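Input sequences plus hints: build the corresponding full structure.
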Amino acid sequence: MKRILFVCLGNICRSCTAEEIMRTILQREGLDKEVEVDSAGLISYHQGEQADPRMRSHASRRGYHITHLSRPVRMTDFYDFDLIIGMDDSNISRLRDLAPSLEEESKIHRMTEYCINKVADHVPDPYYGGAQGFENVIDILEDACEGLLKSL
Numbered sequence: 064m065k066r067i068l069f070v071c072l073g074n075i076c077r078s079c080t081a082e083e084i085m086r087t088i089l090q091r092e093g094l095d096k097e098v099e100v101d102s103a104g105l106i107s108y109h110q111g112e113q114a115d116p117r118m119r120s121h122a123s124r125r126g127y128h129i130t131h132l133s134r135p136v137r138m139t140d141f142y143d144f145d146l147i148i149g150m151d152d153s154n155i156s157r158l159r160d161l162a163p164s165l166e167e168e169s170k171i172h173r174m175t176e177y178c179i180n181k182v183a184d185h186v187p188d189p190y191y192g193g194a195q196g197f198e199n200v201i202d203i204l205e206d207a208c209e210g211l212l213k214s215l
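The opening residue of the sequence shown carries number 64 in my numbering; numbering runs sequentially from there.
The hints are simulated quantities; they were obtained by calculation from the structure and are not laboratory data. It should be emphasised that the depicted structure is a prediction, and the values quoted were computed from it without experimental measurement. The beta carbon of each residue, even a glycine, is placed where N, CA and C say it ideally should be. There is no bait here: all hints are sound.
Simulated restraints, written as ranges between beta carbons of each label pair:
| no. | residue 1 | residue 2 | range |
| --- | --- | --- | --- |
| 1 | GLU97 | SER169 | 18 to 28 Å |
| 2 | ALA194 | HIS128 | 13 to 23 Å |
| 3 | GLU166 | ALA194 | 38 to 48 Å |
| 4 | ASP145 | GLY193 | 32 to 42 Å |
| 5 | GLN110 | LYS213 | 28 to 38 Å |
| 6 | GLY126 | PRO163 | 36 to 46 Å |
| 7 | MET64 | GLY192 | 28 to 38 Å |
| 8 | SER169 | ALA194 | 33 to 43 Å |
| 9 | TYR108 | GLY192 | 11 to 21 Å |
| 10 | SER107 | ILE179 | 29 to 39 Å |
| 11 | TYR191 | HIS128 | 18 to 28 Å |
| 12 | GLU168 | ALA194 | 31 to 41 Å |
The structure is reproduced here in structure tokens:
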């Protein structure tokens with residue numbers, strides 16, 4: 064079984080949405096028994112909290128039901144997951160700093176590496192923005208998750 068971990072800063076907007084979008088795509092393709100997905104944050108400030116209500120609302124309108132509770136990245140994640148996917152340069156840098164070895168560091172990738180149609184160098188954090196920011200994040204994540212599936 065392939066295991067993928069999506070990571071952002073607090074695990075309440077981008078990474079939990081990527082997890083749910085990817086889970087939905089895997090179920091649609093009948094691959095949910097072959098690929099496992101999870102998400103985590105680089106800070107533990109929101110540990111145990113649901114996703115941001117604005118993100119849950121925007122995602123729900125598109126048929127995604129985010130139920131994940133925020134958790135921080137754990138050292139064991141570097142051993143337990145085959146791919147660790149960060150949302151922006153800051154996430155990637157911090158993940159590389161945390162990686163216990165070069166082998167585990169090689170598992171780290173940027174979400175937008177998998178984009179097919181969208182041109183984006185990162186998934187922007189919508190937390191301090193308005194509705195369009197949440198919609199843009201979902202657009203990028205849908206595209207990148209489709210590309211990620213093709214890469215598996």
